[in-house]
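Visitor: Single-letter residue listing:
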Amino acid sequence: MTALAATQTGADSSLVVAPMLVVLVTAVATLLLGRRPRTRAAVSLGGGVAYAVAVAAIDWFVVLAPDAPGIATYQVGDWPAPFGITLVADGLSAFMLTMVAVLGVSSLVFSTRHLPGGDGRSYYFPLFHFLALGVTGAFLTGDLFNLFVWFEVMLMASYVFVAYSGGAEHTRAAFWYVTLNLLASAVFLLGVGGIYASTGTLNMADLAQRLAEPAAYGLDPVPVVGLLGLLLSVFAIKAGLVPFQFWIPTAYRAAPPQIAALLAGATKKVGIYAIIRLSFTVFAGSEVAVDLGVPGTELAVDSPLSFVGAALFLMAGASILVGGIGAVGRDSLEGVFAYSSIGQVGFIAIPVAVAATTTSPELRQLGVVAALVYALNHTLAKGLLFLAVGTIRSATGSSRFDDLGGLAKRSPPMAIAVFVASLALVGIPPLSGFFGKFLVFDAAARSASAGPVIALLLVGSVLTIAYATRTWNLSFWGAQTPAVESAAIDRVQVAVLIVLATAIVAVGVGFEPVYEFASTAAEAALDTEGYVDAVDPTDASEVADSGASGGDHA
Amino acid sequence: MTAIVLAATIGALFALGTFLLLRRDLIRVVWGLAIISQAANLYLLVMGGIAPATADSVPVLAGHGDHVPKTADPVVQALVLTAIVIGFGMTAFALVLSYRVYEEHDTLDVTKLGDRE
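Keeping their order, the protein sequence lines are chains A and B.
The opening position of the first sequence corresponds to residue 1 in the working numbering, with each subsequent residue numbered one higher.
The opening position of the second sequence corresponds to residue 1001 in the working numbering, with each subsequent residue numbered one higher.
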């Protein structure tokens, strides 16, 4: 027992828990400071910055530094995997955490200037940090059941935020959102239970190891494909892929805009992350004959991945169409951006589907890189746009196109920032969106079914141009309405928008390091062996063979 | 025999939960959610194996060689305990929320809450 426990120590492994500890301490501290609005906001912001520093430390010391190990694990309480709780930080987790840190700090700075509902809402900041805690935990956990638990932590905070504004409409939206997600949680449990029953483990590394050699462990991997389908539907709900998109417009409209930015930029990415992690790191190694007979998709019939790929193609394609068409007809800023969010997640899922259906390792890597770069672009651009909605709403009291107009003249810096984000969504060089779109098209062009997929992506891009132009014309150009004329636009909030717009330009102009980070992340996602080696799950039968006394680990 | 009874029970619970979820009354919807999550918990518990524990039936005991303790799988029990606690919290929240819906709309009838858009 002690010999097993002594293997996981060192600076790298304690770095893995750092962001979670920082965000947990901040959440509790802001909870205790509920009655002192100024201190609370300051502590909250300090915690956000500390979180970003912790994530940057993981990025550098674990992933990007010249002699970095590439992956670090933390075994909670020194219980060896697969008996204890394992936290794993690798390139993929680090890339996702970085997106959350950038968006989270922006949203926090924004929130310290204007709290929806006023300073009396003492639970705003604690909930904000609990939401971040859930997202962080989901990215770092190496265990399927803990993934469920962190999902619940994240959802619990988001439920309250959807009901936050307190109007009749918001309460109703929150009720639908809660109902849907509780149902999804039950389905998640079914998937987790089934996988435990058929494989005997929930640790992702152990699972990958067992599924790669089912015969050695006496497993039948066939049920796992169906259970993976259950889990995929749960993650698709979180990511908002069609046909699970219907909750998004109401929930995003009901939540405060700076939280909607986080829902679109961070919690949605948890769904994408879970799909990538489970499909490529955990289930890629298993060999099951699957023949769905879907025409036009290249079916590598020896892996659950082909099933995931075929399902993702359908869901992503429908998302691009539903989101794009839905966004064109909305009558408010949030409405457009919420539907746009459904369409954009389709653009993220298409390259994942390409990566899942191909047999070529290069194309698989390219697909995951494309998905990650596009996800980064979406986080920055959509985060900025939702924060801009917040700025506009706190200044004019409305975000309906009927009440807006001529915003460009009222606040040119804000207009420029929104313009940059809109162009990034459309994919104009040299912004981050250009490389995102370029890589997605590149991956699609090399896939087996290039023709229809590219046609679909083109339609999606044209729809993006249509709704971005319409939004711009209706709210930023034209005659100023009385609400816009009398608006007092907060400078700090606009400064946050400018910083994010600069980040979008910077990612596009200095794309080389971002691309390298994304490639490292994609390599980590595809490197099942490295993941298993780092987590090093003790084989249950080896423990017995080495004569360790029986009951200790249970 | 036990397996069939448990399977039928879980199936019946899911059916009942789904039926309640589709009702018009919000409180029944919350009941439906609670029952479905209990059914999922029961299912999770059963997944640990329902026969007396042996190395073949209980995954985590596979490593214990000959010293198989006479207990069922402890892992699923820990999992279910966590899931139950989370489920309680969520049900409480859903109940509070339906009370708020009642306060604001003066009705618990789903069809009278208006369009979802």
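Don't take every hint at face value.
[Said to hold, decoys possible] According to the in silico footprint, chain A covers these stretches of chain B (three or more CB under 8 angstroms from chain A):
#1 1004-1010
#2 1019-1025
#3 1039-1045
#4 1075-1083
Hints are computed from structural coordinates only; laboratory data are not their basis.
From a predicted model like this one, the values you see are computed outputs, not experimental measurements.
Ideal Cβ placement from N, Cα and C applies to all residues, glycine included.
Visitor: Each hint: holds or not?
Guide: For each hint, the structure was consulted:
1. 1004-1010: violated (count 0)
2. 1019-1025: violated (count 1)
3. 1039-1045: holds (count 5)
4. 1075-1083: holds (count 5)
The structure fails to meet hints 1, 2 from the earlier list, while all remaining hints are met.
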